[in-house]
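Asks: Below, each chain spelled out in residue letters.
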Amino acid sequence: MGQLPTTTSPESIPGTDLAAPGHQPAGDRPAAGGAELVLHRVRKQFADFAAVQATDLTVPAGEFFALLGPSGCGKTTTLRMVAGLETPTAGSIRIGGRDVTSLPSYKRPVNTVFQSYALFPHMTVKENVAFGLRRRRVRDWRGRTEEFLRLVELHHLADRRPAQLSGGQQQRVALARGLVNQPEILLLDEPLGALDMKLRRQMQSELKRIQAEVGLTFIHVTHDQEEAMSMADRMAVMNKGRIEQIGRPEDLYHLPRTAFVANFLGRSNLMAGTVTRGGGGTDPLLEVNASGHRLAVHRDRAVSTTGEVLVGIRPEKIHMRPAGARLDGATADGGVNRVAGTVTDVAFTGVSTEYRVEVPGLGELGVFAQNRGEDLMRPGDAVGLAWDAAHAFGLDGRQDAAAGDGAV
Amino acid sequence: MTSRVAGRSGRQAGFERAAALADGTAQARGRAGYGLVGPGLVYLLVFFVLPVFTLLATSLYVKPPGAEVGQFVPALEFGNYAVVLGGYWPELLRSFGFALLATVLCLVIGYPMAYLIAVRLRGRAFVQGLLLVLLIAPFFTSFVLRTQAWKQILADEGFLVQALKTLHLMPQGASLAATSVAVVAGLTYNFLPFMVLPIYANLQALDHRLLEAGRDLYGSDLTVFRTITLPISVPGVLAGTLLTFIPASGDFVNAAILGNNRNTTMIGQVIDSKFMRVLDYPGAAALSFILMVTILVLVTLYVRRFGTRDLV
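So the sequence lines, in the order shown, correspond to chains A and B. Numbering-wise, the numbering used here puts 90 at position 90 of the first sequence, and it's gapless, one number per residue. With positions in the second sequence counted from 1, the corresponding number in the numbering used here is that position plus 1000.
Check the hints yourself; a few may be wrong.
[Claimed, not checked] Pair by pair, the computed Cβ-Cβ distance ranges are:
hint	chain 1	residue 1	chain 2	residue 2	range
1	B	Gln1204	A	Ala47	40 to 48 angstroms
2	A	Gly361	B	Arg1122	54 to 62 angstroms
3	A	Pro60	B	Leu1130	30 to 38 angstroms
4	A	Ala47	B	Val1104	47 to 55 angstroms
5	B	Arg1122	A	Ser92	28 to 36 angstroms
6	B	Gln1162	A	Ala47	20 to 28 angstroms
7	B	Gln1204	A	Gln370	50 to 58 angstroms
8	B	Val1303	A	Lys198	12 to 20 angstroms
9	A	Ser92	B	Leu1230	31 to 39 angstroms
10	A	Asp56	B	Arg1120	31 to 39 angstroms
11	B	Arg1304	A	Asp233	50 to 58 angstroms
12	B	Phe1139	A	Ala47	30 to 38 angstroms
13	A	Asp233	B	Arg1120	38 to 46 angstroms
[Unchecked claim] Residues from chain A that face chain B, not an exhaustive set, calculated with beta carbons under 10 angstroms:
hint	residue
14	Arg80
15	Arg108
16	Gln115
17	Tyr117
18	Leu119
19	His122
20	Met123
21	Arg136
22	Trp141
23	Asn181
24	Ile246
25	Ala402
Derived by calculation from the structure, the hints in this document are not laboratory data. Backbone N, C-alpha and C fix where the C-beta goes; we use that ideal spot for every residue, glycine too.
Chain A extracted, bound-state conformation (with noise of 0.2 angstroms):
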């Protein structure tokens, strides 16, 4: 494994050379800054199944944005169609206010880091680096190679084939092959997902700092919640071929609109129940009947508020304290938000320790709690929780509560 930069000297950084004027050759393609993409109405139909329905989606220039979603969501043939290596069954793509819809991949200015890295067994690292920027004829493709062999801190191994190299150095190869086009967009195909967990959180922050010297949009494709949250200014979460929500990670985890989203992305505990105040009204708390527990929800913050709904709570959003013991922090308002339960299951992961507690009529809901030095629960104790309300979110009751658990 190579040793990865956890900062990186200024002098070294191409990036602010990047910018500089006549750095690039004549001819070379502008993308300071990187382009803005837009989908429209875009739709892939495969023979016995629509991989993307209709589609929209729009991406600012010099965005990090990720596409989330599990296995078979249409993520990556989204982002094949971005790149020109699916064609969409309908609807527009631009690229910078240029249409591409019809244009063959090696037109679009658009690069890919692939999953599998795909690097050309029978060319050096340097060779690889260097395809790109030859095909276009780019003048300076010798020294432009090398300054993004040092970006990525190759230099060394230049003239090595890539089955020399480990996984985390072929991984950063890719990445320079495509970077180094310097693509209005930079489309990255789960381009972690080869490598163990520590280089992964390693490469997250070099490509993070490495999108920040480059100034690219870069559309990150992913089935991990983590690296999307903990990379992406802005991200999508797909479901069967749709997008379910798109905003900042921390929009999607605190406010999130589908069961599936609130799911898929982090955990959820989602009470089924009735409106039974400030339905129709301006209120700005709704009232819920779940299973003759009363639940507040902020009007703002509910999907739907009439009706059946579903309320959400985030596990590390609910106090915890032994049965009769004082709760604070959650709504004063008597009686609402506070459910009383009998723990039935407990894991201890370091930082938090992870609670099952059943509670007559919700079922067992979950509770996240910081070891901050109290005593750990016991399965068996009777305990209370609450909660406030500005923390709950209503959902849709006609949804899936179970959409997106333990989705991959």
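We have chain A already, so just place chain B on it with the hints.
Replies: Only chain B this time, still in chain A's reference frame:
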């Protein structure tokens, strides 16, 4: 180790070998290994190495004065080589020329076939299978019979010649039968599968994603073929050309059936007639030996030039 990387597998194998050596079972394993190659080695020794020495010895025999036809005595007559080389160098050269032409034609015809089956029809197993069966199907009839059939195809009154003449692609008085064109055509036809199959096997393993990566990196279809597909398929081409050229240069059936006895004679025919009809055993043996050594030299030069360390 979660990542599956090509480079690592090799290194891992190295580690395993090292581990095997360390735990002492390697010696036993080594003995078992020799045991497994044993029968093959013995077979080669008895039916290849020893005959080669016999051949070499025979090539130096001389005919004693007054001996009957086919009667020779052991000697070290190196002059035999000068005699046969002086007498048959045109046939020897012609053999290599015909074999080279046939090899080039096989490559030109065979590479696209292999490419079509292995790359273009990837994922369509039925059509691939069908084409492969069609490619091999001629083997179900006899080599000699198929070559005889070419005689009919190239005959003056045959469809092909008539059509070419009608289209004025061939002069009226000309003929294909019993010409070097016919011999090379027969060689090309007969050895085509030996060219296609190794190239097919190689291209079949070609990672399709490399082609996508090439297109993604601004390579047109032609560029991707030239810079990725073709270089990666070199080992297949190398194997195919050797499997075609070597037997073709020693072939005598095609020249015997499709050629004439003026300007199409190949060295295989000469050796055949010396052994079987004239009973000039030393001459035939000397020619065989010359043929073998020449092929060996040519192949070595060729592999040195085109075969790279990690490809062959």
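Asks: It remains to establish, for every hint, whether it holds in the given structure.
Replies: Evaluated hints:
1. Gln1204(B) to Ala47(A): 40 to 48 angstroms: Hint violated: Cβ distance 24 angstroms, outside 40 to 48 angstroms.
2. Gly361(A) to Arg1122(B): 54 to 62 angstroms: holds, 56 angstroms
3. Pro60(A) to Leu1130(B): 30 to 38 angstroms: Violated: the Cβ-Cβ distance is about 51 angstroms, outside 30 to 38 angstroms.
4. Ala47(A) to Val1104(B): 47 to 55 angstroms: Given about 41 angstroms between the Cβ atoms, the range is violated.
5. Arg1122(B) to Ser92(A): 28 to 36 angstroms: Hint holds: Cβ distance 29 angstroms, inside 28 to 36 angstroms.
6. Gln1162(B) to Ala47(A): 20 to 28 angstroms: violated, 47 angstroms
7. Gln1204(B) to Gln370(A): 50 to 58 angstroms: holds, 56 angstroms
8. Val1303(B) to Lys198(A): 12 to 20 angstroms: Since the Cβ atoms of Val1303(B) and Lys198(A) sit about 45 angstroms apart, the hinted range of 12 to 20 angstroms is violated.
9. Ser92(A) to Leu1230(B): 31 to 39 angstroms: holds, 35 angstroms
10. Asp56(A) to Arg1120(B): 31 to 39 angstroms: At roughly 35 angstroms between Cβ atoms, Arg1120(B) and Asp56(A) fall inside 31 to 39 angstroms, so the hint holds.
11. Arg1304(B) to Asp233(A): 50 to 58 angstroms: Given range 50 to 58 angstroms: holds, Cβ gap about 55 angstroms.
12. Phe1139(B) to Ala47(A): 30 to 38 angstroms: holds, 36 angstroms
13. Asp233(A) to Arg1120(B): 38 to 46 angstroms: holds, 41 angstroms
14. Arg80: holds, 8 angstroms
15. Arg108: holds, 8 angstroms
16. Gln115: Nearest chain B Cβ about 9 angstroms off; hint holds.
17. Tyr117: The hint holds - Tyr117(A) has a Cβ within 10 angstroms of chain B, the shortest such distance being about 8 angstroms.
18. Leu119: Since the shortest Cβ distance to chain B is 8 angstroms, the answer is holds.
19. His122: Result: holds, 5 angstroms to nearest chain B Cβ.
20. Met123: Met123(A) check passes; min Cβ-Cβ to chain B is 8 angstroms, inside 10 angstroms.
21. Arg136: holds, 5 angstroms
22. Trp141: Given a least distance of 12 angstroms, the restraint on Trp141(A) is violated.
23. Asn181: Holds: closest Cβ of chain B sits about 7 angstroms from Asn181(A), inside 10 angstroms.
24. Ile246: violated, 26 angstroms
25. Ala402: Result: violated, 29 angstroms to nearest chain B Cβ.
Going through the hint list in order, the structure does not satisfy hints 1, 3, 4, 6, 8, 22, 24 and 25.
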